[in-house]
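Engineer: Residue numbers (my numbering), protein chains in the order written: chain R, 1 to 360; chain B, 361 to 720.
Treat the hints loosely; a few may be bogus.
Result set (DSS-like, lysine-lysine): computed pairs, CA atoms no more than 30 Å apart in a straight line [stated by the list, open to error]: (1) R/Lys336 x R/Lys299; (2) R/Lys61 x B/Lys410; (3) R/Lys48 x B/Lys421.
Covered by chain R, per the in silico footprint, the following chain B stretches (three or more residues, Cβ under 8 Å) [as the list claims (entries may be wrong)]: (4) 452 to 463; (5) 598 to 612.
In short, the hints are calculated from the structure, not lab data.
Bear in mind the structure is a predicted one, so any value in this text is a computation, not a measurement.
Ideal Cβ placement from N, Cα and C applies to all residues, glycine included.
Below are the chains, spelled out letter by letter.
There are 2 protein chains.
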Amino acid sequence: MSWQNNLRSVSPYIAGEQPELTDIIKLNTNENPYPPTSVAQLFNERYKTKNLRLYPSTDAKSLRKKLADYHHLEVEQVIIGNGSDEVLSLSFLTFFNSQSPLLMPDITYSFYPIYCELYRIPFQKVPVDDDFKVLIKDYCIENGGIVIANPDAPTALALNLKDIEEILKKNQNSIVLINEAYIDFGGETCLPLLKKYDNLVVVQTFSKSRSLAGIRLGVAYGSAEAISHLYDVKNSFNSYPIDSLAQIIGEASLMDEHYFQKNIQKIIKTREVFKDNLVNLGFEVTDSKANFVFVHHPKVKAEELFKALYEAKIIVRHWNQPRIDDWLRITIGTNKEMNKVIEFLKGYLKKNEEIDEWKK
Amino acid sequence: MSWQNNLRSVSPYIAGEQPELTDIIKLNTNENPYPPTSVAQLFNERYKTKNLRLYPSTDAKSLRKKLADYHHLEVEQVIIGNGSDEVLSLSFLTFFNSQSPLLMPDITYSFYPIYCELYRIPFQKVPVDDDFKVLIKDYCIENGGIVIANPDAPTALALNLKDIEEILKKNQNSIVLINEAYIDFGGETCLPLLKKYDNLVVVQTFSKSRSLAGIRLGVAYGSAEAISHLYDVKNSFNSYPIDSLAQIIGEASLMDEHYFQKNIQKIIKTREVFKDNLVNLGFEVTDSKANFVFVHHPKVKAEELFKALYEAKIIVRHWNQPRIDDWLRITIGTNKEMNKVIEFLKGYLKKNEEIDEWKK
Numbered sequence: 001m002s003w004q005n006n007l008r009s010v011s012p013y014i015a016g017e018q019p020e021l022t023d024i025i026k027l028n029t030n031e032n033p034y035p036p037t038s039v040a041q042l043f044n045e046r047y048k049t050k051n052l053r054l055y056p057s058t059d060a061k062s063l064r065k066k067l068a069d070y071h072h073l074e075v076e077q078v079i080i081g082n083g084s085d086e087v088l089s090l091s092f093l094t095f096f097n098s099q100s101p102l103l104m105p106d107i108t109y110s111f112y113p114i115y116c117e118l119y120r121i122p123f124q125k126v127p128v129d130d131d132f133k134v135l136i137k138d139y140c141i142e143n144g145g146i147v148i149a150n151p152d153a154p155t156a157l158a159l160n161l162k163d164i165e166e167i168l169k170k171n172q173n174s175i176v177l178i179n180e181a182y183i184d185f186g187g188e189t190c191l192p193l194l195k196k197y198d199n200l201v202v203v204q205t206f207s208k209s210r211s212l213a214g215i216r217l218g219v220a221y222g223s224a225e226a227i228s229h230l231y232d233v234k235n236s237f238n239s240y241p242i243d244s245l246a247q248i249i250g251e252a253s254l255m256d257e258h259y260f261q262k263n264i265q266k267i268i269k270t271r272e273v274f275k276d277n278l279v280n281l282g283f284e285v286t287d288s289k290a291n292f293v294f295v296h297h298p299k300v301k302a303e304e305l306f307k308a309l310y311e312a313k314i315i316v317r318h319w320n321q322p323r324i325d326d327w328l329r330i331t332i333g334t335n336k337e338m339n340k341v342i343e344f345l346k347g348y349l350k351k352n353e354e355i356d357e358w359k360k
Numbered sequence: 361m362s363w364q365n366n367l368r369s370v371s372p373y374i375a376g377e378q379p380e381l382t383d384i385i386k387l388n389t390n391e392n393p394y395p396p397t398s399v400a401q402l403f404n405e406r407y408k409t410k411n412l413r414l415y416p417s418t419d420a421k422s423l424r425k426k427l428a429d430y431h432h433l434e435v436e437q438v439i440i441g442n443g444s445d446e447v448l449s450l451s452f453l454t455f456f457n458s459q460s461p462l463l464m465p466d467i468t469y470s471f472y473p474i475y476c477e478l479y480r481i482p483f484q485k486v487p488v489d490d491d492f493k494v495l496i497k498d499y500c501i502e503n504g505g506i507v508i509a510n511p512d513a514p515t516a517l518a519l520n521l522k523d524i525e526e527i528l529k530k531n532q533n534s535i536v537l538i539n540e541a542y543i544d545f546g547g548e549t550c551l552p553l554l555k556k557y558d559n560l561v562v563v564q565t566f567s568k569s570r571s572l573a574g575i576r577l578g579v580a581y582g583s584a585e586a587i588s589h590l591y592d593v594k595n596s597f598n599s600y601p602i603d604s605l606a607q608i609i610g611e612a613s614l615m616d617e618h619y620f621q622k623n624i625q626k627i628i629k630t631r632e633v634f635k636d637n638l639v640n641l642g643f644e645v646t647d648s649k650a651n652f653v654f655v656h657h658p659k660v661k662a663e664e665l666f667k668a669l670y671e672a673k674i675i676v677r678h679w680n681q682p683r684i685d686d687w688l689r690i691t692i693g694t695n696k697e698m699n700k701v702i703e704f705l706k707g708y709l710k711k712n713e714e715i716d717e718w719k720k
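Isolated chain R, as found in the complex (with noise of 0.2 Å):
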């Protein structure tokens, strides 16, 4: 016996690299290349840090009220949490509470899993086909909950209402739970859907559109009785998660509109610019709908191609997984720093080609 006997054993989500190096192409954790609203500037620079003293609102309950008001939900249908990946740990804590399995996509967010083995909750991956289209008839199987990103990532691809509400009525006994931390790059939110079903919840995040990564704010919307089971589960493991200066850095974000739009179209245009040239490049490209791509080129291995990009400190995702090991995500940076990656395809494919050429 000793004291390592009561370990509670986990393999822990590794995030993606944050090089100290400062001339890189950083396109590796679907960070926005612009920066947040200019009212986020002010609103720090304005606030007394002397009012720090005092604990945060243990709700962020301005913030929240503010949530609930754009996208027309009572309050009670909104909780706040320290980043999307706070608010998808409690929720799998809260509601997948079950000796049936949770349902996920096998190509999916690989922190599902980890947030499974952490809380002990059975799952099941449900293959998506060799698209990676998610099959709605796959998810109408016994389960104890169901979590589908939609947008989803790595493949980028979404969903329409109509797959999700198909899910939501063959399910209604089990909570199901839609991330939606990319939605505003293009999907459809399926947040009208709350009116409907009781049984839906829904996750969102600052940190991709509204460039507040480093702010850590994420948000869950539901019913207002499932809500209240998540505020329980959450008041059972941090009274205060959100700090006083976030809470009004996201106040500031939501006060911009029209920055925020501005910010997303950009960010869309210069995907759709990228896409076709990498498909002029050989590329096969997914139909995305979020703030990255997902690509495999037939001619090139992606971990060869990865190790270039990184030799040429462009810093991109890659799995060594069944199914998209031979496949890159690259998120969408800058117009300028796009440029210098397809400049950089160009050469590599250039030399590949002569190489295969020269070997015949």
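Model the placement of chain B on the given structure of chain R, informed by the hints.
Structural biologist: Structure of chain B alone, referenced to chain R:
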């Protein structure tokens, strides 16, 4: 069957009220009456919020290093969390994964049993003696871990290092978690015992002595091995728990040792004067080593006094709980605030005495 069947049932912690009134004397959540160092204001004003588009360091690297240096520890012996409540919560999840009960005093921080319920950890409350003292010999029974607050809340009593070492020695097969949230107000930290015991984990916070409850920074110190396990669980829960602003404000706090020490001494001085005044009014007061006092008056029901104080806009803390339902916990505020409390109590006790006289 319904989705409600799969819910985790919990009875959440209820934090001390954060009233929205402005002209109150707020002595109910052990906040510091003085602001944090002015370096925090400076750092915050200068921060460029454009950097918030990027994720923060997953382990608050720079702050972690500074804390290690401050306490003459290795960086691997330090983990930072989103307030000490998160650090405690993740410590329970990591270390107390046993069939044997976790031991804790019966009178202590009331969040501990709530973590146990959340994570299904068996626990056993060990009665303190009639003077609220923790009896070391009672912790030499079979257990899956031990958690003790030093100084304790709400009793305000501290243990000495010899007693803590005795517990560590007798329980080398269990993690002994010492919650030092209030240690800077007169207790003796057990951090030096980390040199000898790899089963010791010490939790501290920026919320009390550093006047930073609003920014949510808690810390655990332990052996490099214990902390690495805590990191594995943290990284299975949330990759980025500390936002970028909290990290720089924590660093600002560590840069102003002079202000920090002065602030603590002021509070201790106010506490000692307040205690003397209370004793002169006939109160029983425990030997506080914290930024609050735990008090009882032989002639007045605590609950009635709590209500009378509340009506006078002086908010303190009372628990309807066996053994302490006739006690109040009062945070140490400014001299001016504590003088007002004494003035109120004088008037209240005098009126009470007159009523008693009249009844005869």
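Engineer: Hint by hint, work out which the structure violates, then give me just those numbers in ascending order.
Structural biologist: none
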